[in-house]
Amino acid sequence: GQQLNQSPQSMFIQEGEDVSMNCTSSSIFNTWLWYKQDPGEGPVLLIALYKAGELTSNGRLTAQFGITRKDSFLNISASIPSDVGIYFCAGLRNSGGYQKVTFGTGTKLQVIP
Amino acid sequence: NAGVTQTPKFQVLKTGQSMTLQCAQDMNHEYMSWYRQDPGMGLRLIHYSVGAGITDQGEVPNGYNVSRSTTEDFPLRLLSAAPSQTSVYFCASSYSMGLEQFFGPGTRLTVL
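From first to last, the protein sequence lines are chains A and H.
Each residue of the first sequence is one higher than the last, beginning at 1 in the numbering used here.
Each residue of the second sequence is one higher than the last, beginning at 1 in the numbering used here.
Treat the hints with care, since some could be wrong.
[What the hints assert, rightly or not] Simulated DEER-style distance windows between Cβ atoms:
hint, chain 1, residue 1, chain 2, residue 2, range
1, H, Gly16, A, Glu17, 46 to 56 Å
2, A, Gln99, H, Ser84, 39 to 49 Å
3, H, Ile54, A, Asn94, 29 to 39 Å
4, H, Ser18, A, Leu55, 23 to 33 Å
5, H, Gln57, A, Ile28, 39 to 49 Å
6, A, Ile28, H, Ile54, 22 to 32 Å
7, A, Ser57, H, Thr70, 36 to 46 Å
Derived by calculation from the structure, the hints in this document are not laboratory data.
We treat Cβ as the ideally placed atom computed from N, Cα and C, and that holds for glycine.
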């Protein structure tokens, strides 16, 4: 089945550093979503992107909808220990009259105090 | 609002046993879905429902059944559990397909 490729798969960073991760696909999507999953919890939506080229911020988080509509990027500035978790991208596209969602494989972030 | 609730939180089964994972939401969402999460595989869609009485298969439906008799509830049934079904299962809901999904806390299932 369709999967989105996320990179990196995991990363260890020092507190205060900036973080970048991305999501790529061979398919075109009309919406990109970024979720964060805390350990032992379900994913929670961070940012939603609806237009190609769109750049949206949510506090220290900034995400972009790639102009090709096949990729998206998430940046976290000045990381803090509570940023630890797994970050998932999700792409939405029309399929058979419905909006189908596909999740990425996740980026596991560890922040060293 | 309780949001999306799932029970049980943990479950251990023997191969061949059956069980039902419960999911309920109190947000009057039309769309509900079940995912499984495995290491390195992200979230994979098992089954989904666009409203009461309507269900459809997702990416990995084999070995699972669902029904949607009410807007609030969307149980996932394992008729004959297999070790390959060891995973963490998440239920999610949204106002409609394609909008922000709200996830439950998950059920961690181990099949021996």
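Against the structure, the hints:
1. Taking 46 to 56 Å as the suggested C-beta distance range, the pair Gly16 of chain H and Glu17 of chain A conforms, at roughly 49 Å.
2. Range check, Gln99 of chain A to Ser84 of chain H: Cβ separation about 29 Å, and the 39 to 49 Å hint is violated.
3. Between Ile54 of chain H and Asn94 of chain A the beta carbon distance is about 18 Å. The supplied range of 29 to 39 Å is therefore violated.
4. For the pair Ser18 of chain H and Leu55 of chain A, the supplied restraint of 23 to 33 Å is violated, since their beta-carbon distance comes to about 49 Å.
5. A beta carbon spacing of about 23 Å between Gln57 of chain H and Ile28 of chain A contradicts the range 39 to 49 Å that was offered as a hint.
6. For the hinted restraint 22 to 32 Å between Ile28 of chain A and Ile54 of chain H, the CB-CB distance of approximately 27 Å keeps it satisfied.
7. Separated by about 39 Å at the C-beta atoms, Ser57 of chain A and Thr70 of chain H satisfy the suggested range of 36 to 46 Å.
In the structure shown, a violation is registered for the earlier hints numbered 2, 3, 4 and 5, in ascending order.
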